[in-house]
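Residue strings, one per chain:
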Amino acid sequence: MKANVVIVGGGVSGCAIAYNLAKKGMKDIVVFDKSYLTSGATGRCGAGVRQQWGTEMNCRIAKASIEFFETANEELQYDGDIEFKQEGYLLLASTEKENEQFKKNVKLQNSLGINSRKITLDEAKDIVPYLNTKNLVGAAYCPTDGHLNPFLLTDAYYKAAKRLGVKFYMGTEVKDIVVKDNKIKKVITDEMEIETNVVVNAAGGYSKDVGQMVGLDIPVFSENHEILVTEPVEKTQGPMVMSFSLNIYCQQTPHGSFIMGRGDKEKTPGYNIESTWKFLDRMADTVVSILPPIGELRVVRQWGGLYNITPDKQPIYGRCNIDGFYMAVGFSGHGFMFAPMTGLLIAEQIMGEENTIDISKLSLDRFSKGELFLEPSVV
Amino acid sequence: MAKTIICRCADITQEDIQNLLDSGVTEIEEIKRFTRLGMGPCQGRTCMQLIQRIVAEHNNMHIKDVKLHTARPPVTGVKLKYIARGDE
Chain A
448 MKANVVIVGG
458 GVSGCAIAYN
468 LAKKGMKDIV
478 VFDKSYLTSG
488 ATGRCGAGVR
498 QQWGTEMNCR
508 IAKASIEFFE
518 TANEELQYDG
528 DIEFKQEGYL
538 LLASTEKENE
548 QFKKNVKLQN
558 SLGINSRKIT
568 LDEAKDIVPY
578 LNTKNLVGAA
588 YCPTDGHLNP
598 FLLTDAYYKA
608 AKRLGVKFYM
618 GTEVKDIVVK
628 DNKIKKVITD
638 EMEIETNVVV
648 NAAGGYSKDV
658 GQMVGLDIPV
668 FSENHEILVT
678 EPVEKTQGPM
688 VMSFSLNIYC
698 QQTPHGSFIM
708 GRGDKEKTPG
718 YNIESTWKFL
728 DRMADTVVSI
738 LPPIGELRVV
748 RQWGGLYNIT
758 PDKQPIYGRC
768 NIDGFYMAVG
778 FSGHGFMFAP
788 MTGLLIAEQI
798 MGEENTIDIS
808 KLSLDRFSKG
818 ELFLEPSVV
Chain B
123 MAKTIICRCA
133 DITQEDIQNL
143 LDSGVTEIEE
153 IKRFTRLGMG
163 PCQGRTCMQL
173 IQRIVAEHNN
183 MHIKDVKLHT
193 ARPPVTGVKL
203 KYIARGDE
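Residue numbers (the working numbering), protein chains in the order written: chain A, 448 to 826; chain B, 123 to 210.
Only chain A is shown next, with the shape it has when bound in the complex (with noise of 0.2 Å):
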């Protein structure tokens, strides 16, 4: 068997990848995954889409992405709904270094087209009238920031990738890719082997393995976040209420349900992705001296998922020195809301054309030249 691009990892970056591929025409390619459809980190994710960042690079490719958000069921063509809501991202600062910093980044956001905004505790508690300032410093803001359906999403770019003539293989997991003269030659899955020169990794929690099936040292790990779902209720909050410092973020999805999670820094890098009783203990801590009457919902079920993550909290993205080896990896909890430019970009890229949003700066190398600039706007 024969393809002109694999796609390693079905989850929302490899069925967006292989979308635009396809819409440029390119033929012959195929996904694999070795499981379901969003069966990683796209499908465990906290489902928020945000401009809010600290780095020009995230604020640009956030901002598009969130564009082609506003028109995905036109685009893809879809026979559903993706479930988009723009009801904002209300960002909490506790301390005065990290108000300040919020201070830079609407500066940096503003700067780039993003309707971002400082705003004070009382304007905050306008948006979200529970809300409990008491450990509160200030306030930042975005209307346009919001959610989205993951599964829903990915359908939309799977429904119309195939319609294109793209291939899916679930349930076949990549086991070896085989590289001669340093070009990509083979890939090899437990079902069968396939010719081809292009390789996409979008393996997502997965990625640092797949690196090394062609020998190349990425430098992510990959870590379990946990995040509990609630009860749906009536309508009672519009935006995310997020705050980095006291390491939460909680939304009430269109169906009604709150979804929220936080980081534990105490967690080792690995792939266990179990539900913990410290994560339930420590989120209904968090969430009930932010928010109190969240506290009267009832918490249904809880799991986990893996962030792969960079030591700038940016992602890897493009080409490396094998030739035909491309990334879109290490998007450090934020791959599902760059989606949309993380396919436009990669496929570009391989067609050979100019990319609309200058990511060079993403490569791979910049590790090794030090280029790092570090968004510190992560939960």
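The hints are simulated quantities; they were obtained by calculation from the structure and are not laboratory data. Glycine is no exception: its CB is placed at the ideal position from the N, C-alpha and C atoms. Worth double-checking, as some hints may not be accurate.
Stated by the list, open to error - Far from chain B, some chain A residues (derived; all Cβ distances over 10 Å):
no., residue
1, D475
2, L555
3, D602
As the list claims (entries may be wrong) - Computed list of lysine-lysine pairs in DSS-like fashion (alpha-carbon distance at most 30 Å, straight line):
no., chain 1, residue 1, chain 2, residue 2
4, B, K125, A, K581
5, B, K203, A, K532
6, A, K481, B, K186
7, A, K572, A, K471
8, A, K554, A, K808
9, A, K712, A, K725
10, A, K606, A, K622
11, B, K125, A, K682
12, A, K627, A, K614
13, A, K712, A, K808
14, A, K572, B, K203
15, B, K203, A, K609
16, A, K609, A, K449
17, A, K550, A, K510
18, A, K572, B, K186
19, A, K622, B, K189
Given chain A, put chain B in place with the hints provided.
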């Protein structure tokens, strides 16, 4: 045919599931993600055996060979305020 509700939490009918299976979906995990079946307050405790049977019949399998969804904690819905320690 009268509407047969399979998932009472998310109002998913037998027909909804049949349509998904006809479109090529094979696993309960996928049906769950596309429809929210088993994601409501009952967490699949009411509907999972019914859905297992529908999938088994559609795929010509024995019901014991149909993979169940991952059961996740907590075992029953708990108000967050009962887990929280209160304002610190």
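Report task. Take a quick look at whether B:K125 and A:K581 sit within 30 Å of each other, Cα to Cα. Result -> This hinted pair is violated, its Cα atoms lying about 51 Å apart.
Query - Least C-beta distance between A:D475 and chain B, which was stated to exceed 10 Å - result: The claim stands: A:D475 keeps its Cβ more than 10 Å from every Cβ of chain B (closest is about 21 Å).
Requested in this report: Take the C-alpha atoms of A:K712 and A:K725, compute the straight-line distance between them, and say whether it is at most 30 Å.
Outcome: holds (12 Å)
Query raised in the report: Given the hint that A:K572 pairs with B:K203, does the C-alpha gap stay at or below 30 Å?
Result: With a Cα-Cα distance of about 21 Å, the restraint between A:K572 and B:K203 holds, given a limit of 30 Å.
Query raised in the report: Under the criterion that the straight-line Cα-Cα distance not exceed 30 Å, is the pair A:K609, A:K449 satisfied?
Result: holds (18 Å)
Query raised in the report: Within a Cα-Cα threshold of 30 Å, do B:K125 and A:K682 meet the stated pairing?
Result: holds (28 Å)
Query - Check on A:D602 being off the interface with chain B, judged by Cβ distance over 10 Å - result: violated (7 Å)
Query - Pair hint outcome, A:K481 versus B:K186 [Cα-Cα no greater than 30 Å] - result: holds (23 Å)
Query - Restraint check for A:K627 with A:K614, where alpha carbons must lie at most 30 Å apart - result: Cα-Cα ~25 Å, so holds.
Query raised in the report: Holds or violated: are the alpha carbons of A:K712 and A:K808 at most 30 Å from each other?
Result: It holds: about 27 Å lies between the C-alpha atoms, which stays within 30 Å.
Query - Satisfaction of hint between A:K609 and B:K203, Cα-Cα up to 30 Å - result: violated (46 Å)
Query raised in the report: Are the Cα atoms of B:K203 and A:K532 separated by 30 Å or less?
Result: Distance ~28 Å between B:K203 and A:K532 Cα, so the pair holds.
Checked against the numbered hints above, the structure breaks hints 3, 4, 7, 15, 18 and satisfies the rest.
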